[in-house]
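Engineer: Take a look at the letters that make up each chain.
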Amino acid sequence: MPKGTLSLLILRVLQRGPLHGYAIAQRIGQLSGDVLAAEEGSLYPALQRILVEGWVVAEWGTSESGRHVRFYKLTSDGKAQLKREMDEYERTTGAIQAILRLA
Amino acid sequence: MMSRLLRFIRKTCRKLLFTLHKERMLSDLAEEMEMHRSMMTPDARSRFGNAFLLQEQSSEIWSWIWLQQLQQDLAYGVRSLRNAPAFTLGATVVLSLGIGANLAEFQVFDAVLFHRLNIRDASSVLLMSRVAKQGERFGFPPAAIQTYTAENSSFAWLVSEGTTSDVTIDTDTGLRPALVSANYFTSLGIIPSWGRLLDARDFLPGASAVAVLGYEYWSVHYAADPHVVGRTVHVNNHPVEIVGVLPYTFDGLEPRRSAIWLPLAARAIILPGSPPLQQDFTRASEGLFGKLKLGVSKAAGEAELTSLTQGLARLQPQGFRKDERIQTKPIQEGVQGVLHRAKGGNPAVFVLITMMLLVLFSACANLGNMLLARGFSRQREITVRKAIGASGQRLVRQLMTESLLLSILGAVAGLGVGAVSARFFMNAMVARRDIHLTIGWPICLAGFFLILLSTLAFGFPAALQIVRSNQRRSSLQQVLVGLQVSVSCLLLIASAVLVHTGVLSASPNLAFDYKNMVVIYPQFYSQNLPEPIVRQRLDALTTRFSGLPGVDGVTLAVVPPLSGRAAFDNLPGLPHIYRNTVSPSYFTEMKLAVVQGRNFLPAEQEGVIVSESAARAVWPNGSPLGKAWKLAGVQRYVVGIVKDSGANLLADPESIEAYVPIAGAQLDRSSVILHVVGEPSSVLRLVAGAAASLNETVSASLMRTSRDNYLKSMEKLTILLGGIGLIATSLAAVGMFALVAFTVAQRKRELGIRIAIGAQPPHILRILLTENAKPMMIGAMAGSALAVALSRVEHSLVILPRHETIDFPGFVLGIACFALVAVLATLSPALQALRIDPSQTLREE
Chain C
1 MPKGTLSLLI LRVLQRGPLH GYAIAQRIGQ LSGDVLAAEE GSLYPALQRI LVEGWVVAEW
61 GTSESGRHVR FYKLTSDGKA QLKREMDEYE RTTGAIQAIL RLA
Chain H
1 MMSRLLRFIR KTCRKLLFTL HKERMLSDLA EEMEMHRSMM TPDARSRFGN AFLLQEQSSE
61 IWSWIWLQQL QQDLAYGVRS LRNAPAFTLG ATVVLSLGIG ANLAEFQVFD AVLFHRLNIR
121 DASSVLLMSR VAKQGERFGF PPAAIQTYTA ENSSFAWLVS EGTTSDVTID TDTGLRPALV
181 SANYFTSLGI IPSWGRLLDA RDFLPGASAV AVLGYEYWSV HYAADPHVVG RTVHVNNHPV
241 EIVGVLPYTF DGLEPRRSAI WLPLAARAII LPGSPPLQQD FTRASEGLFG KLKLGVSKAA
301 GEAELTSLTQ GLARLQPQGF RKDERIQTKP IQEGVQGVLH RAKGGNPAVF VLITMMLLVL
361 FSACANLGNM LLARGFSRQR EITVRKAIGA SGQRLVRQLM TESLLLSILG AVAGLGVGAV
421 SARFFMNAMV ARRDIHLTIG WPICLAGFFL ILLSTLAFGF PAALQIVRSN QRRSSLQQVL
481 VGLQVSVSCL LLIASAVLVH TGVLSASPNL AFDYKNMVVI YPQFYSQNLP EPIVRQRLDA
541 LTTRFSGLPG VDGVTLAVVP PLSGRAAFDN LPGLPHIYRN TVSPSYFTEM KLAVVQGRNF
601 LPAEQEGVIV SESAARAVWP NGSPLGKAWK LAGVQRYVVG IVKDSGANLL ADPESIEAYV
661 PIAGAQLDRS SVILHVVGEP SSVLRLVAGA AASLNETVSA SLMRTSRDNY LKSMEKLTIL
721 LGGIGLIATS LAAVGMFALV AFTVAQRKRE LGIRIAIGAQ PPHILRILLT ENAKPMMIGA
781 MAGSALAVAL SRVEHSLVIL PRHETIDFPG FVLGIACFAL VAVLATLSPA LQALRIDPSQ
841 TLREE
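So the sequence lines, in the order shown, correspond to chains C and H. All residue numbers for the first sequence refer to the working numbering, where the first residue is 1 and numbers rise by one. All residue numbers for the second sequence refer to the working numbering, where the first residue is 1 and numbers rise by one.
Among the hints, erroneous ones may be present.
What the hints assert, rightly or not - A few chain H residues that face chain C, going by a derived Cβ cut-off under 8 angstroms, partial list only:
#1 PHE18
#2 HIS21
#3 ARG47
#4 ILE61
#5 TRP62
Don't read these hints as lab results, they were simulated from the structure. C-beta atoms are modelled at their ideal positions from N, C-alpha and C, and glycine is treated no differently.
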């Protein structure tokens with residue numbers, strides 16, 4: 001898994017709305033089976049990095065099942081970062097596809 | 001760009017916030033992870049990973065890794081220093097000596113030798129000078145100052161300060177007066193310690209004669225008695241009322257240790273017959289200082305004074321040189337001022353600073369060595385840390401943090417030691433308690449950073465060596481020992497030589513009768529008189545003086561002994577030849593015996609009389625009598641040999657003397673020397689009056705006063721230099737002690753085994769001593785060689801009397817001191833090694 005993919009995925013997952021850690025892991029698991037397969041807990045260091053960058057904010061709340069959990073919410077900086085990274089990703093994959101088609 | 005900066009700042013703030021709330025952040029994270037795990041299906045929980053490790057990784061993200069590590073290093077450093085109190089104490093002592101004693105010396109030097117100005121707004125006060133093709137002059141004629149003050153529009157104020165020949169106050173002779181302008185004290189904002197200072201009312205026509213006393217003179221001669229205010233004293237026999245005493249912090253803009261401060265107009269008292277100030281263009285004697293008005297540029301001020309000067313020069317051409325212009329520069333104080341005023345730097349300051357840097361260097365080499373020695377005794381710990389994964393870089397950083405902590409400790413202790421020992425030096429050197437030491441913050445700060453920097457510089461190679469090497473002894477340690485020993489040795493020798501020279505000069509052997517001599521300076525040379533007139537006036541003066549009660553002899557000499565004047569010739573292959581120009585009666589009146597040949601004949605022009613030392617130096621084989629000798633550009637014949645006077649030896653212990661007869665052209669430069677039966681100061685009081693009866697103005701002093709003044713200043717310098725020697729000695733002692741003590745600690749087990757299997761004390765001692773002997777010997781030799789080389793350079797830096805050859809007794813004294821210190825410092829830890837109990841040492845393992 002390329003470096004930074006996990007944080008891109010987290011940002012992407014949070015785009016629909018705030019989620020707590022377990023939910024983020026679930027969603028990422030649905031989207032791509034293998035990224036968190038080895039170590040689900042490595043979600044948390046990645047979340048801390050994103051927190052420090054200011055792309056998300058964290059807030060304690062209650063989950064639908066009544067548990068005390070921390071919700072992560074995308075900030076405007078985070079949205080901008082997500083867009084930047086998506087564009088970058090598309091540009092790269094587009095270029096690779098173009099090369100693959102030509103080759 | 002801007003938004004990126006903002007993002008960076010916001011990110012930094014977040015990190016700071018996270019770092020501050022680390023505890024809560026961690027507990028939150030732990031709770032969150034726990035919740036996460038509890039939501040996972042039991043069989044999936046093993047996929048979560050190591051929670052502790054993940055928390056550790058997360059917390060590293062919150063703050064800066066280096067900050068965390070620094071925190072760890074500091075904590076570790078504090079702990080390890082606390083666990084080795086002896087080492088910490090030793091290192092702190094070394095550093096605090098290195099910096100503290102240095103600071104003290106510097107402060108005392110600064111306070112005692114280089115006066116500090118204590119005036120309002122010192123940085124904006126300008127010193128004026130007159131610049132012409134022939135060079136720069138600092139004296140202004142009083143009349144010109146009157147004109148500048150009245151007509152300039154650029155300066156907020158202009159003040160003048162000058163001096164004249166020495167005066168007599170009641171019975172005290174040879175006192176330096178200061179003469180100042182009316183607005184002097186008010187403009188500079190000086191506050192009297194007693195009474196009042198001079199002001200405008202004392203300068204009004206018909207004002208009664210008043211004066212202010214200098215603090216030092218007042219505290220010594222009047223025992224600091226404030227009742228002196230209001231008392232009338234006699235300055236050169238004129239009644240003058242004392243109205244106040246200056247503060248101890250002020251001794252003039254050009255400090256001269258003036259005893260008494262008088263209005264400029266009082267010059268008529270000291271120099272009878274001087275013209276009124278408004279017309280006095282002849283004596284350019286007053287220093288001129290000023291402060292520009294707000295908004296006026298330096299150039300505009302200079303231009304205005306220059307145009308006023310040119311106007312005056314047209315009316316009074318004799319008082320000025322061609323195309324003179326006025327230049328201004330800020331006055332400076334303390335050591336800086338001395339450096340600034342002395343072209344190319346004052347040698348005393350240069351020598352002092354070099355010695356101080358050497359002391360600091362020695363202290364740092366010392367510390368580097370101690371760090372290294374300690375590092376070797378910690379080799380096991382370092383190896384263990386390496387084995388469990390510490391990187392070399394991390395270990396070096398950690399050792400450096402320890403040196404940083406040490407240097408901070410040392411610098412703080414050093415400031416304390418500095419303050420205490422400065423006070424000690426002050427008390428040892430000056431009986432006066434009134435010179436206050438002010439701690440110069442810039443100096444202290446500079447010292448603090450200097451020691452931080454140098455400790456790190458010396459700690460770094462040591463740390464590198466400790467981490468890298470496994471060998472027990474390293475060449476770095478040898479080099480450090482060598483360096484430290486050579487610098488200490490150099491310092492010891494240098495200060496021993498200087499102190500020895502100082503002591504020698506402070507106990508001069510004068511062959512002539514200086515106790516009963518009065519020297520009178522007629523100063524005809526300042527008046528450009530034709531020779532017959534000079535001869536006539538000089539004859540009249542000598543006749544009058546020889547009639548004074550108690551005077552039993554009168555003679556003439558251009559260079560009165562001990563007067564601070566000197567004329568000397570440099571001839572190839574010979575020491576300095578101190579040349580005096582004297583009348584034939586000189587030798588009789590000075591009680592200098594002619595040991596061979598004869599005295600000058602009256603009107604003899606080509607003769608030369610040499611001292612015994614000169615006879616030996618110039619004509620080692622055979623008698624000089626009748627030999628030709630070209631001296632001062634004239635071919636002469638040696639007519640006689642006299643005893644060495646000893647006066648030249650004060651300033652120049654290797655020098656020799658020669659006397660030539662006074663020729664007509666030199667008459668106007670000659671001084672009159674009186675020999676008195678009984679107390680010469682009673683004659684001194686009569687001199688000015690006797691001269692005045694012939695309408696002459698002279699100044700006079702006692703030969704013994706000049707001698708005492710000279711010796712006093714030598715004494716102070718000697719004590720200071722001795723102080724530096726003391727510091728060097730203690731540094732060397734601590735360093736060598738530490739070295740041997742560490743060797744003992746390091747090889748304790750080995751020594752224990754050796755003792756157990758029967759090694760005798762001499763054998764153990766030999767092991768300990770040979771370990772450091774080589775670098776110590778090399779260091780000592782290098783230090784001595786450097787001292788020899790430096791003593792050559794020292795000639796050009798006349799801080800103390802010159803030596804043409806190496807001062808052998810001083811040298812031996814220095815080396816002996818060094819050897820003694822080395823033996824004492826190594827003996828006590830070595831003896832401790834002999835008391836090692838083998839069974840106990842082996843059990844410790």
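Engineer: Does each hint fit the structure? Answer for all of them.
Structural biologist: Quick rundown of the hints versus the structure:
1. PHE18: Interface hint status for PHE18/H: holds (7 angstroms vs cutoff 8 angstroms).
2. HIS21: violated (12 angstroms)
3. ARG47: holds (5 angstroms)
4. ILE61: holds (4 angstroms)
5. TRP62: Result: holds, 6 angstroms to nearest chain C Cβ.
In the structure shown, a violation is registered for the earlier hint numbered 2 alone.
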